[in-house]
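Novice: Sequence:
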Amino acid sequence: MHILIVDDEPLARDELGYLITKNYPASSIDEAESVTEALEKMLNQRPDLVFLDIHLTDESGFELANKFKRMKNPPQIIFATAYDEYALQAFEANAIDYILKPFEEQRIRQAIEKVTTNPKQNENEPNVTTNLAVQMEERIFIVAVADILYLSVDNGETHIVTQKRQYDTNETLSRIETKLDSQKFLRTHRSFIVNIQAIREIQPWFNHTYQITVTNGVKIPVSRSYVKRLKEHLGLK
Numbered sequence: 590m591h592i593l594i595v596d597d598e599p600l601a602r603d604e605l606g607y608l609i610t611k612n613y614p615a616s617s618i619d620e621a622e623s624v625t626e627a628l629e630k631m632l633n634q635r636p637d638l639v640f641l642d643i644h645l646t647d648e649s650g651f652e653l654a655n656k657f658k659r660m661k662n663p664p665q666i667i668f669a670t671a672y673d674e675y676a677l678q679a680f681e682a683n684a685i686d687y688i689l690k691p692f693e694e695q696r697i698r699q700a701i702e703k704v705t706t707n708p709k710q711n712e713n714e715p716n717v718t719t720n721l722a723v724q725m726e727e728r729i730f731i732v733a734v735a736d737i738l739y740l741s742v743d744n745g746e747t748h749i750v751t752q753k754r755q756y757d758t759n760e761t762l763s764r765i766e767t768k769l770d771s772q773k774f775l776r777t778h779r780s781f782i783v784n785i786q787a788i789r790e791i792q793p794w795f796n797h798t799y800q801i802t803v804t805n806g807v808k809i810p811v812s813r814s815y816v817k818r819l820k821e822h823l824g825l826k
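Position one of the sequence shown corresponds to residue 590 (the numbering used here), numbered consecutively onward.
Because the hints were derived from the structure by calculation, they are not lab data. Computed from a prediction, not measured in an experiment: that's the story for all the values here. Check the hints yourself; a few may be wrong.
Said to hold, decoys possible - Here are the computed lysine to any residue pairs in the SDA-like style, where the Cα-Cα straight-line distance is at most 20 Å:
(1) Lys658 - Met590
(2) Lys773 - Ala733
(3) Lys768 - Val742
(4) Lys817 - Ile785
(5) Lys703 - Asp736
(6) Lys768 - Ser741
(7) Lys658 - Asp637
(8) Lys611 - Arg696
(9) Lys808 - Arg754
(10) Lys630 - Met660
(11) Lys817 - Tyr799
(12) Lys753 - Val732
(13) Lys656 - Leu628
(14) Lys658 - Gln634
(15) Lys656 - Met631
(16) Lys808 - Asp757
(17) Lys703 - Glu681
(18) Lys611 - Gln695
What the hints assert, rightly or not - Restraint ranges, calculated between C-beta atoms of paired labels, are given here:
(19) Arg635 - Ile731: 23 to 29 Å
(20) Asp603 - Met725: 34 to 40 Å
(21) His591 - Gln724: 30 to 36 Å
(22) Asn744 - Glu702: 35 to 41 Å
(23) Met725 - Val807: 17 to 23 Å
(24) Asp736 - Glu652: 28 to 34 Å
(25) Asp597 - Asp757: 35 to 41 Å
(26) Asn744 - Glu652: 35 to 41 Å
(27) Lys820 - Asp619: 49 to 55 Å
(28) Asp597 - Arg728: 28 to 34 Å
(29) Gln772 - Glu746: 24 to 30 Å
(30) Asn796 - Arg635: 53 to 59 Å
(31) Gln634 - Pro810: 49 to 55 Å
Note that the Cβ used here is the ideal one computed from N, Cα and C, for glycine as well.
Could you build the full structure based on these sequences and the hints that come with them?
Specialist: Here is the structure:
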């Protein structure tokens, strides 16, 4: 795996490079201290992974990340910064992780493990995320999309339900839906989205509607306008 470290602080680049090499000696590592240098090395070397600082001398790390995303076969990105207030924005940019300075060896190892267990999407696949950043109770929780059973909305609040807990957010259900893989998550009602893998049972309900039971036993309605799509998705007649 080829890794590019983009940071305008030489000491930060040295420390991060040392920790990566210590834990992943087979990796090749290069560095860039500016956006211009980073883009040049991106085009010439095609790194698999970029550790990217947010505050760079000549441009924001988020602007650079957006330029990477427009390239063919873009790298995976881990934001590495001294500021904790940009985590939500980072995950909205589809970063695979967000680590803080001063760097901790365990966090570096965890971040790279995420890359090795979450291969890059094919360029023809939709731009979906593997994690959701959920702001709740003045904290930001990182929720693995694969762990979500279903999502619902009630009184203007969106509930993201996993097997272990529920996360509540003011982000709209429709906005979250744009971040999910439409092949894995299905809208069944204007107030519900279900993880296909979490469906345990489907039963006819009333007036040509259906009811889904997910793995935690919760029953979710399928309104008439979504029945056809559900059947097509599951290969049912």
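Novice: If a hint holds in the structure, say so; if it doesn't, say that too.
Specialist: Hints, verified against the model:
{"no.": "1", "hint": "Lys658 - Met590", "in the structure": "19 Å, holds"}
{"no.": "2", "hint": "Lys773 - Ala733", "in the structure": "14 Å, holds"}
{"no.": "3", "hint": "Lys768 - Val742", "in the structure": "16 Å, holds"}
{"no.": "4", "hint": "Lys817 - Ile785", "in the structure": "15 Å, holds"}
{"no.": "5", "hint": "Lys703 - Asp736", "in the structure": "15 Å, holds"}
{"no.": "6", "hint": "Lys768 - Ser741", "in the structure": "15 Å, holds"}
{"no.": "7", "hint": "Lys658 - Asp637", "in the structure": "13 Å, holds"}
{"no.": "8", "hint": "Lys611 - Arg696", "in the structure": "13 Å, holds"}
{"no.": "9", "hint": "Lys808 - Arg754", "in the structure": "17 Å, holds"}
{"no.": "10", "hint": "Lys630 - Met660", "in the structure": "13 Å, holds"}
{"no.": "11", "hint": "Lys817 - Tyr799", "in the structure": "11 Å, holds"}
{"no.": "12", "hint": "Lys753 - Val732", "in the structure": "11 Å, holds"}
{"no.": "13", "hint": "Lys656 - Leu628", "in the structure": "9 Å, holds"}
{"no.": "14", "hint": "Lys658 - Gln634", "in the structure": "16 Å, holds"}
{"no.": "15", "hint": "Lys656 - Met631", "in the structure": "10 Å, holds"}
{"no.": "16", "hint": "Lys808 - Asp757", "in the structure": "19 Å, holds"}
{"no.": "17", "hint": "Lys703 - Glu681", "in the structure": "17 Å, holds"}
{"no.": "18", "hint": "Lys611 - Gln695", "in the structure": "11 Å, holds"}
{"no.": "19", "hint": "Arg635 - Ile731: 23 to 29 Å", "in the structure": "28 Å, holds"}
{"no.": "20", "hint": "Asp603 - Met725: 34 to 40 Å", "in the structure": "37 Å, holds"}
{"no.": "21", "hint": "His591 - Gln724: 30 to 36 Å", "in the structure": "34 Å, holds"}
{"no.": "22", "hint": "Asn744 - Glu702: 35 to 41 Å", "in the structure": "39 Å, holds"}
{"no.": "23", "hint": "Met725 - Val807: 17 to 23 Å", "in the structure": "20 Å, holds"}
{"no.": "24", "hint": "Asp736 - Glu652: 28 to 34 Å", "in the structure": "31 Å, holds"}
{"no.": "25", "hint": "Asp597 - Asp757: 35 to 41 Å", "in the structure": "38 Å, holds"}
{"no.": "26", "hint": "Asn744 - Glu652: 35 to 41 Å", "in the structure": "37 Å, holds"}
{"no.": "27", "hint": "Lys820 - Asp619: 49 to 55 Å", "in the structure": "51 Å, holds"}
{"no.": "28", "hint": "Asp597 - Arg728: 28 to 34 Å", "in the structure": "29 Å, holds"}
{"no.": "29", "hint": "Gln772 - Glu746: 24 to 30 Å", "in the structure": "27 Å, holds"}
{"no.": "30", "hint": "Asn796 - Arg635: 53 to 59 Å", "in the structure": "55 Å, holds"}
{"no.": "31", "hint": "Gln634 - Pro810: 49 to 55 Å", "in the structure": "51 Å, holds"}
Taken one by one, the earlier hints all hold for this structure without exception.
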